[in-house]
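*Asks:* The lines below spell out each chain.
There are 2 protein chains.
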Amino acid sequence: MSHAPSWVPASEFARVREEIADPYDRAAAVSTLARLNTLYMIERAGSGHLGSSFSAADIVTQLYLSELRDPAATDGDVYFSSKGHDVPGLYALLAGLGHLDEGLIHRLRRLDGLPGHPDVGTPHMPFNTGSLGMGISKAKGLVLADRLAGRDRRVYVLTGDGELQEGQNWEALAGAVRHGMRELTVVVDHNKIQSDTWVADVSDLGDLEAKFRSFGWGVVRCDGNDPQALEAAFAKRAAAFPDGPAVLVADTVKGAGCGTFAATSMCEEEWRYRYHSGAPSPEDCAAAYAELWETAGQLLARHGVAPVRPRPAPVADGGTRGARESAYEPYRLTPVYGEALIELAHRDPRVVALDADLVLDTGLIPFREQFPDRFFEFGIAEQDMVSAAGGLAAGGRLPFVHSFSCFLHSRPNEQIYNNATEGRRIVYAGSLAGLVPAAPGHSHQAVRDVSALGAVPGLVVAEPANAAQTRALVRFAAAARESVYLRLSSAPVRAVVDALPLGEEPLTGRGTTVRRGGPLVAVGAGPVVLEHLMGAAQLLAADGVELTVVDLPWLNRVDPDWLAGLARGAQALTVVEHHYTHGGQADTVARALLELGLTAPPAFRGLGLTRLPDCGTEAETLAAHALDAASLAAALRP
Amino acid sequence: MSHAPSWVPASEFARVREEIADPYDRAAAVSTLARLNTLYMIERAGSGHLGSSFSAADIVTQLYLSELRDPAATDGDVYFSSKGHDVPGLYALLAGLGHLDEGLIHRLRRLDGLPGHPDVGTPHMPFNTGSLGMGISKAKGLVLADRLAGRDRRVYVLTGDGELQEGQNWEALAGAVRHGMRELTVVVDHNKIQSDTWVADVSDLGDLEAKFRSFGWGVVRCDGNDPQALEAAFAKRAAAFPDGPAVLVADTVKGAGCGTFAATSMCEEEWRYRYHSGAPSPEDCAAAYAELWETAGQLLARHGVAPVRPRPAPVADGGTRGARESAYEPYRLTPVYGEALIELAHRDPRVVALDADLVLDTGLIPFREQFPDRFFEFGIAEQDMVSAAGGLAAGGRLPFVHSFSCFLHSRPNEQIYNNATEGRRIVYAGSLAGLVPAAPGHSHQAVRDVSALGAVPGLVVAEPANAAQTRALVRFAAAARESVYLRLSSAPVRAVVDALPLGEEPLTGRGTTVRRGGPLVAVGAGPVVLEHLMGAAQLLAADGVELTVVDLPWLNRVDPDWLAGLARGAQALTVVEHHYTHGGQADTVARALLELGLTAPPAFRGLGLTRLPDCGTEAETLAAHALDAASLAAALRP
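Chains as they are written, first to last, in my numbering: chain R, 1 to 638; chain U, 1 to 638.
Hints were generated in silico from the structure; no laboratory data involved.
Treat identical chains as interchangeable: a pair holds within one or across any two.
With a straight-line cut-off of 25 Å between C-alpha atoms, the simulated SDA-like cross-links for lysine to any residue are:
hint, residue 1, residue 2
1, Lys-236, Asp-152
2, Lys-192, Gly-180
3, Lys-192, Tyr-273
4, Lys-192, Arg-178
5, Lys-192, Glu-231
6, Lys-192, Asp-361
7, Lys-236, Asp-251
8, Lys-192, His-179
9, Lys-192, Met-266
10, Lys-192, Glu-270
11, Lys-192, Ser-265
12, Lys-192, Gly-206
13, Lys-236, Gly-206
14, Lys-236, Gly-76
15, Lys-192, Ser-47
16, Lys-236, Val-219
Take the sequences, apply the hints, and build the full model.
*Replies:* Below, the structure is given as structure tokens:
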């Protein structure tokens, strides 16, 4: 099955709203058109959170069509999503309602387009979200500010149900009661599925209504995919709890509104929901478009409204990478890591693996299958996971702790330090580290992790570049005296990096010269930095400049003797990193280099991020931060 | 009233246990003797958490005398306190029962003695606690490890009630249910008072039993200061919930067992409980000793047991500072900070202050009194507080956010970053920063904060040394374009530092030469570093070496031009910091110095912490880390 990509313009949204008199069918039609555009955006972007966007579509439509007062005005009611995954759906609706330039829907997850998670740089996004569990607290702060300013408006926050596993949600509830926050309504998009699978199988929420009630909140519950039920529920919230905060538990279906994506279509043996993130297959997209057009057509026909006329997609402006490198299939490090961990677990019975609802993205599915008794799923509860790892270590195990790096280095930052103060041996493995993939946006781009963890006593931070080095560092981590934080890129490893000879047993603080050149030396770690340094070397070689490229996988350690050797032959030494220019590998190397006390040290520079990471494709983001081969060559040219 | 300090030896505990047949009076007698020794330890140390130790004394006694199976054995039942404040009481009991060398009770909060919060270096302390909210998670990890190892034992965790405001507690509960953790019992020392005041006034817990039940836990409740009730409650826990985790909500009185300290003795208008931390006045101590001796005497007499014979205290071995500097009264920066904030708030209506249950220690009591509508108390909920500050900033306010630095830089680390990604202007003020006071132990010594926050974009980290500089930096923080993290020492500011001319309007990245000497240059910030650098300079001057001392209050920024000027005259440049040697000011200065590209840069060194901070008095801890004047002089001597 195939289809020509097309989208629904705002003018058609407007016509449908005007021509359908029945409020519930009108809402259903609008949310169906928003779903069509959501699918269009995600297919075009090649990734995005479809399941959440669809489950929340009717809630958000109800809010914007009926519940919110002046949502587009500066002082109007405020809505935002705490989980943020559902933002493609929100963009689609806002564009359809004319609140957002509709040209932007062609640029989801692209540079200067619509970020993969909400960002305040986009109109009508009051907060940056996507880091889970912060929304209720932020809303409370806004309500307090509104009261101080004498602004009379209401604040609505959408949370996920899996998101409620984060402790901050529960931390936030009491204060809203204490302050009698009648302005605040939390809507739980209770679609029963978190990133990987069913919430009940990961960390069951139990009696959600009883929980909120026990924290003093008013509770309403309804079918969250039914406009009429939603309308009644919002009315009930206002009537029943006029003096304090309330939650609307909205029972939804992940992927609702379309059989292809609806979780209700999952067969018995399917444990993993396939449309949480990424893009559906072309076949699934085609089937879903057909379904959604049929739904829209029926709704419009019922009210004698002329069919919606879609517009063809504008031509894509590149941004994705060019032709595939022939005969070589790029791979990612996380599956390699997962295999290495299994191999290790076979040899070392102490090894256990802990996960925080990212079993797919951290490469742990095979481990879980092979060692079900040594695998522990904590749900979206990183602090709990890390402290429990401390308990497991106290009980004689060697825990490998997993999440996306962006969350692992920061949410349980104090817990990691506390484990270190007990001298526990623990391996933390953070995937999705570094600047790219950049499509999810800065909440998911870990470019501050080396700084945030670098000073933890007895914790070595290391980043492998290819499969061989990943295996070597897993062995190292298992045998080391110190704890280890493995910084794992989730970007493709391309041929030039795969071929680098990095499989030797690693020695802490020592690097490997992977390209012997002249006295111009560039140091870096990880697949993307090394790929682009090798690319820069090629560009420079064409001009007769031979760059020496050094892999230094250690980000908070450097061996002074090794560095002295490297510095001896160097005229200029540049550290390139996917990290803010402060607090990362460049600082570590600079400090050590200065302390060598050389009479004429090489000219030193660090190249990294000097501002928030952009959202975009790999190529355009690297170029935007001057970290692609061409920019590096220009910067390194003597 | 006065008294000669004395303590109860373990032999007397043993005799009392043997001679009192009635189990409840025996428990009451043992906990009374433990309270006597607790008071002795805290009075001798000059600080310690008395209120919690007393409220929990009967619970812990019941656990050790009756409930725990083989608690001293490696594979026996495990008990630990998650809040950790009550550890003086636990030490007293363990020493009384012969599980801990009784000689140690003379060395509470001293080097190589008993740390102010639990540390795994002390026998029978399975975990480091005092960082709140981690205990249940750690216990779960231990249970999982026990199951893997086939160890059949039970784990008991004590939490505070205020501590339950931390989100991690609620994050931890579901997993224990999922794993059917019958081995796990949580006891809540429900004494109704947190650090500053009543839990209900800070962030009411509401129906605590309903909360735990809604998370799927078994719940038992009893009078936690009554041995008989405790015995029945533990029996009920085992009988009623044999297949899963359960909580015992133990209703206690803060300071129980002695009218002097009991919260029930507080008069109507007293809002603050005075015995949470610190040491009671000599008068209160004398009164409490008399009461406790009377209680013990009555219990023993009732059973015809001979009175307990206390032993006189050994002579103290110094450790505290010598004679007071005449005519000068050292002060602390936090009250100065608090006054500066008030002054600012009068001028700038945007200013609001947020606190996490440390209103006394962060200098906020006067602010709260003067601006009750602009003061927000979040309880022990740092993540909630920081995200809510983001919401307040979004609503047009300028939030000043407060906690101890040790918690503020790490628990809400991701939330601080998230606020930064929104470009919010927020001032974070962390008190108790740096190595000293060292008595509370490493959970409370913030020596990693510069690293953990240094790379947050748009966040300047600055540390004032004296009152004038504190006022200047508060003004700076209010007017700066960036957000600011104020690192506030809670150590005394002595005359030599008070006199330093640091009140000028600060320029980011530029320091002040506070002692003009020769080409030997030392750079530092904060009252303690500068005091000891000035002291080192005096020692060196006696040998004819003139040290140049520079105050650089900026910890993650340095102005290259200013640094170039400083480096020109320098032969050697040493940065001294109360921070791990990695990731702090030394790294910042080193990187900038190297990037100046000088042909012969000054010899560079950084002096800071190379291992976990010790617990002890100010003088002995500084000496132990070679950061006192004498050690610095020795290290700096050319």
